[in-house]
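Novice: For reference, the chains in residue letters:
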Amino acid sequence: MKIVKLKKENLFSFLEAISEEAELWAPVQKYENKHSFQLIKDFSQIDLKYTRTILPPKKLFLPPTFNMFLATEQGYEEDFSHATKKILFGVHPCDIHGLLILDRFFQHVFDDPYYSKARQNTLILGLSCWPDENCMCKSTNTHIIEEGYDLFFSELENDYLVWIGSSQGDDCIRIKPGFFDEDITDEDIQIYIKWQNERDKAFQVDINFVAMPDLMELKYENPIWEKLGDACLACGSCSNVCPTCNCYNVLDKPLLNKDTSEIGRCWDACTLESYSEVAGGENFREKRAQRLKLWYTHKLQAYISKYGKPACVGCGRCASTCPVDINVQTVAKALEGKDMDTFWNRLSKEVTK
Amino acid sequence: MKKDKLKIGIYELTGCAGCALLILDCENELVDIFQAADIQSFLMAKSDNIDGELDIALVEGSVSTEKDIEELMDIRKRAEIVVAIGLCSMVGGIQGRFCDEKEWKENFKKVYGDIEMTHTKPIQSKPIDAYIKVDYYLPGCPIGKEQFLNFFTRMLRGNPPERYPQPVCVECKYNENDCLLKNGILCLGPLTSGGCGAICINHNLPCVGCWGPVEGGNWTSEYYLLKEKGFDDELIKNKMANFSGTKIAEVSEQLIK
Ligand code: SF4
Ligand code: SF4
Ligand code: SF4
Ligand code: SF4
Ligand code: SF4
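Taken in order, these protein sequences are the chains called A and B. When you line the first sequence up against our numbering, it's residues 1 to 353, in that order. When you line the second sequence up against our numbering, it's residues 1 to 257, in that order.
Check each hint, because a few of them may be wrong.
Distance windows between CB atoms, simulated [unchecked claim]: (1) Lys121(B) to Asn33(A): 35 to 41 Å; (2) Ser166(A) to Glu215(B): 43 to 49 Å; (3) Gly158(B) to Gly337(A): 24 to 30 Å; (4) Glu228(B) to Ser13(A): 48 to 54 Å; (5) Leu30(B) to Gln168(A): 36 to 42 Å; (6) Glu221(A) to Leu255(B): 56 to 62 Å; (7) Lys201(A) to Glu215(B): 43 to 49 Å; (8) Asn28(B) to Lys333(A): 52 to 58 Å; (9) Lys145(B) to Glu147(A): 32 to 38 Å; (10) Ile123(B) to Glu133(A): 54 to 60 Å; (11) Ala17(B) to Ala302(A): 48 to 54 Å; (12) Ala17(B) to Gln168(A): 55 to 61 Å.
Computed list of chain A residues with no C-beta within reach of chain B, every gap over 12 Å [said to hold, decoys possible]: (13) Gln74; (14) Pro177; (15) Asp325; (16) Val351.
What the hints contain is simulated information worked out from the structure, not anything from laboratory work. Even for Gly, the Cβ is constructed at its ideal location relative to N, Cα and C.
Excised from the complex, chain A in its bound form (with noise of 0.2 Å):
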């Protein structure tokens, strides 16, 4: 591995640079204060600032929905369409892990070839960034990142610090070997220590989760289990908008008048209704409680007892969406036995008054 150094003015000339060969896709703000990874045409939309896209990186590797591949008499003609050539600049450290996550799910044991061609043809240009309310990738040590990226910018001052995480990167390096200077000083050094410390400071959510597999199976007949399912929308986006969900629903579109069907994907959820159910009508997780057990059981126990981290990365997504206040903090919380204001506690009040 190997840092240098880039002068901020040459941020943008650096991407247009590399990106003449594939497209770039970068954080651009869609609504007031909430983002989007989008493709770039014009350099000035990228926010540099920005703390979280409402869908998380997933959507490039698997979008919500595709098309896998038609059906046809004689076999499938495979459909990799979405798998273009990307530079996806502007990762946050949270989502870095949150496709190391993805990856153990649709590479290790099987090999998914639509994640992966969309993988392999995707370079990650890593950002670092500042918290808010809602983010915990300290509590999830998902704010450090040692693999997953390509480059990696540290911002300082005037300059940012640039890790090198791969030969493709190192390859990116050397298209514009004038932008970068390997004399990193002792003062940047220490520009980049203080930063990181105010940082680790920034965080206004600390979560326990090293507590949590044990008190999700303490509590598992507990009735908050209850109050939240009374309160959830069963509207799913919390799923949709996690990093590390991914579930998945394959549907055949017949084509009119074709002996074809195109056979396509989107992402599913396990807090909707439809989820458990399986042929013949029967639901296996009626109850929306029940759902939101399993939710909570994957982001805060499986995984952490197979792999001793949870498959939750700290982004704040589920706390910046979900309208009834169900979210990995007030969860973790409840399990601790806190008393919060939130709306299911509320609710759970009105309704048993």
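Start from chain A and add chain B with the ligands according to the hints.
Specialist: Here is chain B with the ligands on its own, set in the frame of chain A:
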């Protein structure tokens, strides 16, 4: 293996005719549709209609006159499969929201006065499954083009149609929209059947529920949430009732008075 073409009839009871119009509006596919199936009856599209045995009958509109009942009974007798298309047929439509007999009578009087109807006797609007067994449902007010073509093609191949078990929020998130409800806007997405592509929210307008109630919607929670966000009780109930037809009666039981 060339089979006989499926015999299909498209019928309109009480409704705005929007669903039938939508089928006619599949302009690029119309020739294919008429080639693939034997469309026996489709009043909006042709004049040589036959009322014989059918493989599939598509029924738009709610039952709101005695004549509607007769027609519907006759359709059921003739058709192997009956499909309710659109919200009127599925839940009774906007005209079905006054589920209280007394309230319906008062409203009827307000609109028509004391006149005697001679042509047929008007009755309170109900979904078609209040009278007959319905095999499949296509939600929407009106139904969607893609949804219809997908349904039609599946039927041609002998496959059951796609169900719409997910709320509008799913497609809303697919499109990376900011959540209006979270921002304090009265959006009925969580209570409404998806399939429309969340088209309203894509244009920054809240969902008013036009695809009808989704299975398993949590009305109580959304009701309290909206109350907490400062919406008037009457307004919330009206919005919720708008596209719920006679289903609002079941749902109202969930809402604590
Ligand atoms: S927890 Fe929240 S975001 Fe998730 S399904 Fe329930 S209401 Fe929707
Ligand atoms: S939490 Fe639910 S939707 Fe997400 S990956 Fe796990 S099972 Fe799938
Ligand atoms: S559970 Fe919530 S905070 Fe954790 S990764 Fe998923 S969306 Fe982000
Ligand atoms: S804007 Fe409406 S449809 Fe979209 S996620 Fe929010 S509640 Fe659901
Ligand atoms: S009102 Fe709701 S269901 Fe109807 S088209 Fe708009 S978003 Fe879809």
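Novice: Run through the hints listed earlier and report the numbers of any the structure violates, in increasing order.
Specialist: Hints 1, 3, 5, 6, 9, 15, 16 not satisfied by this model.
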